[in-house]
Amino acid sequence: MTTLLKIIKYQLHDLLRGKWFIIYTAVFFLLTDGLFRFGGDSGQVALSLMNVVLFIIPLVSIVFGTMFFYNSREFMELLLSQPISRVALFLGLYLGLTLPLSAVYLIGVGIPFMYHAGIMTGGYWILLLVGVSLTWVFTALAFLIAVLSEQRVKGVGMTIVLWLFFAILYDGIILFILFALEEYPLEKLTLILSLFNPIDLGRILMLLQFDIAALMGYTGALFSKFYGNMFGSAVAVFALWTWCAIPAWLGYRAFSKKDF
Amino acid sequence: MRLFHTILIIPIMSSALWAGLVQVGSDYGYATVAEGLEASLSGDTVFVHPGTYVESGLTVPHALTLIGKDNPIIDGNHSGEILTVTADDVIIEGFTFKGSGLSHLDENAAVRFEEANNGRISHNRFEDNFFAIYVSKSENCLIDNNTIRGLAQTESRSGNGIHLWYCKNINISGNSISGHRDGIYLEFVEQCEVTQNHSTKNLRYGLHFMFSNHNEYNNNRFDNNGAGVAVMYSRHVDMHNNVFADNWGSAAYGLLLKDIYDSKITDNQFNRNTVGLYSEACNRIQVEGNNFENNGWAVKIMANSMDNVFTHNNFIANTFDIATNSRQNFNSFNQNYWNRYRGYDLDKDGIGDIPFHPVKLFSLLTEKNEPALMLMRSIFVEIMDLAESYIPILTPATLIDAEPLMRINS
Chain A
1 MTTLLKIIKY
11 QLHDLLRGKW
21 FIIYTAVFFL
31 LTDGLFRFGG
41 DSGQVALSLM
51 NVVLFIIPLV
61 SIVFGTMFFY
71 NSREFMELLL
81 SQPISRVALF
91 LGLYLGLTLP
101 LSAVYLIGVG
111 IPFMYHAGIM
121 TGGYWILLLV
131 GVSLTWVFTA
141 LAFLIAVLSE
151 QRVKGVGMTI
161 VLWLFFAILY
171 DGIILFILFA
181 LEEYPLEKLT
191 LILSLFNPID
201 LGRILMLLQF
211 DIAALMGYTG
221 ALFSKFYGNM
231 FGSAVAVFAL
241 WTWCAIPAWL
251 GYRAFSKKDF
Chain B
261 MRLFHTILII
271 PIMSSALWAG
281 LVQVGSDYGY
291 ATVAEGLEAS
301 LSGDTVFVHP
311 GTYVESGLTV
321 PHALTLIGKD
331 NPIIDGNHSG
341 EILTVTADDV
351 IIEGFTFKGS
361 GLSHLDENAA
371 VRFEEANNGR
381 ISHNRFEDNF
391 FAIYVSKSEN
401 CLIDNNTIRG
411 LAQTESRSGN
421 GIHLWYCKNI
431 NISGNSISGH
441 RDGIYLEFVE
451 QCEVTQNHST
461 KNLRYGLHFM
471 FSNHNEYNNN
481 RFDNNGAGVA
491 VMYSRHVDMH
501 NNVFADNWGS
511 AAYGLLLKDI
521 YDSKITDNQF
531 NRNTVGLYSE
541 ACNRIQVEGN
551 NFENNGWAVK
561 IMANSMDNVF
571 THNNFIANTF
581 DIATNSRQNF
591 NSFNQNYWNR
601 YRGYDLDKDG
611 IGDIPFHPVK
621 LFSLLTEKNE
631 PALMLMRSIF
641 VEIMDLAESY
651 IPILTPATLI
661 DAEPLMRINS
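As given, the protein sequences belong to chains A and B, one line each in that order.
Sequential numbering from 1 applies to the first sequence in the working numbering.
Sequential numbering from 261 applies to the second sequence in the working numbering.
Pulled out of the complex, with its shape left as it was, chain A reads as follows:
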């Protein structure tokens, strides 16, 4: 446990020296603050931020995550020459990255929200929850890719393809399926399909805050009924965290067997 904390502490130290984090914080801070100054009420700001969160957080987490892992190669080799368990090292690296990334996001978005609108405004908590969850999910995916792929270029390339798939292509495929199978009842299928993309899960959690009126107009009501209550939201959150746990676990398995 103490080694884990030590590794995390070292990581934090290392990361906070870089410019990356300052830029990342500043982007969120200025964006949120600016939206409040130009946009108006907190609902609309949260709505505008939603697209940013769904677009930027996965991209930054996954690209930065792989690069970080590759850059820590020598550090890992050094530590592994010591009597340190691989679990502690892997977790240390993972938490050492996700914790500051989440904290930075919470600060960048949370603080402007607090002084412009107070914290009890609609969608605020969901926005934070989804942002943090996506950070954890995509960092886990990044580590998995970085462990599996020795080559840097290939690894970063793969992360971008994966991001493109989840952020854009997956929805295109869903749309294609929905129209190809138009004749059939598709409510359950949409429910199942939505579980297999963390970005979609995050998006749906936020839709329930902002577009419930339109979702209620859906005569096949299953979808809004399912996600509209606490149980549905809980399932969505659980699925999001499964999306984080499984890649992280697979990543750890590969890491523990990896020959450095």
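If you are wondering where the hints come from, they were derived from the structure by calculation, not from laboratory data.
Careful, some of the hints might be misleading.
[As the list claims (entries may be wrong)] With the Cβ distance kept under 8 Å, some of the chain A side facing chain B (calculated, not the full set):
| # | residue |
| --- | --- |
| 1 | 54 |
| 2 | 168 |
| 3 | 179 |
| 4 | 186 |
| 5 | 190 |
| 6 | 207 |
This structure is a prediction, so every number in the text was calculated from the model and none was measured.
Don't be surprised by glycine CBs; every beta carbon is placed ideally from N, CA and C.
Assemble the complex: chain A is given as a structure, and chain B must be docked to it using the hints.
Coordinates of chain B only, in the frame set by chain A:
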């Protein structure tokens, strides 16, 4: 002038002096309302003291003023009708009517006006009735400041709050209605004014209008009704300054219009409805100065609607601004404010220099394939919408606002 007043007042006062006073109450001449009514003569005042009177099937056959002190309760005990008025010039004021009988054959009301003109129903409470106020074939009546509460569970076992049938020149104002099938129902009614009412939590419609021409409703609030407000098969209806809010559900509309001609919809608020304004087969409607905010669909306009004019409305934070089911467009949208508009205004005249396309490709897709709604706000859909807005292929190319306003129209 004073002379004129005196001349006017003398006959009024003298008629008041002439009319008799019948008092009803356990300590007064008549113990039941029925006895009091029996004893009254045309033009009398029946004064009912506080208490609970379990009576039904009461009739008012001649002109009367019925006044309740501190809202005495007339309890119909869920059998038949409570009070039926068949004469002109009847005033009913200050009662609590409770429990008119549920029936699948008769439309039992707490208070029914049957071919009774110049009547007035004011400041009464209606609780747990089948129908509360039922006016049929009457003219020049006033229904004001009543509080009507129903306990409707299902549509088939409940009646309407205020029901008008073949009436003319009725004023319905300041009533608060909830828990009935339709809050206010008008059929074959002309020249009515419905104003400052609050109709909420009714099972079906807050206000339901059928075959009723030349009517006006303004300053009302309709919220949380099962299906909003429906106006059907009518001409020359004037809807002004009403609030349509929180009507949610797969078949819920802020305002549903069907076969409406030559009407005006001005300065209304449509907030948080699944569909703000739905228009089917409506022609020549002027929609001006309304606020559409936070609706699922602000306006759904079917292709069989023609020559409607939308101008100076605000469209703010709706999931979809306009949806339609055709590539053709026969309506005009001009000088509205759209918060989605991203154009510029170089000459600073407050009007955007490039037109706005309010129909999105995605709204067309969801119209055809409802489950696609789950992709709302996904990046893929945003990209598709963006491409479509530059080169419209599937959305109606002529449904544009050529002069979108840059600022909210107040």
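Okay, the hints, checked on the actual structure:
Hint on residue 54 (chain A) holds. Least Cβ distance to chain B is approximately 7 Å, under the 8 Å limit. Hint status for residue 168 (chain A): holds, given a least beta-carbon distance of 5 Å to chain B, under 8 Å. Nearest Cβ of chain B to the Cβ of residue 179 (chain A): about 6 Å, under the 8 Å cut. The hint holds. With a least beta-carbon distance of about 4 Å to chain B, the hint placing residue 186 (chain A) at the interface is held under the 8 Å criterion.
A cut of 8 Å between beta carbons decides the hint on residue 190 (chain A): the least distance to chain B is about 5 Å, and the hint holds. The closest approach between the C-beta of residue 207 (chain A) and any C-beta of chain B is roughly 6 Å, which is under the 8 Å cut-off, so the hint is satisfied.
Checked against the numbered hints above, the structure violates none of them.
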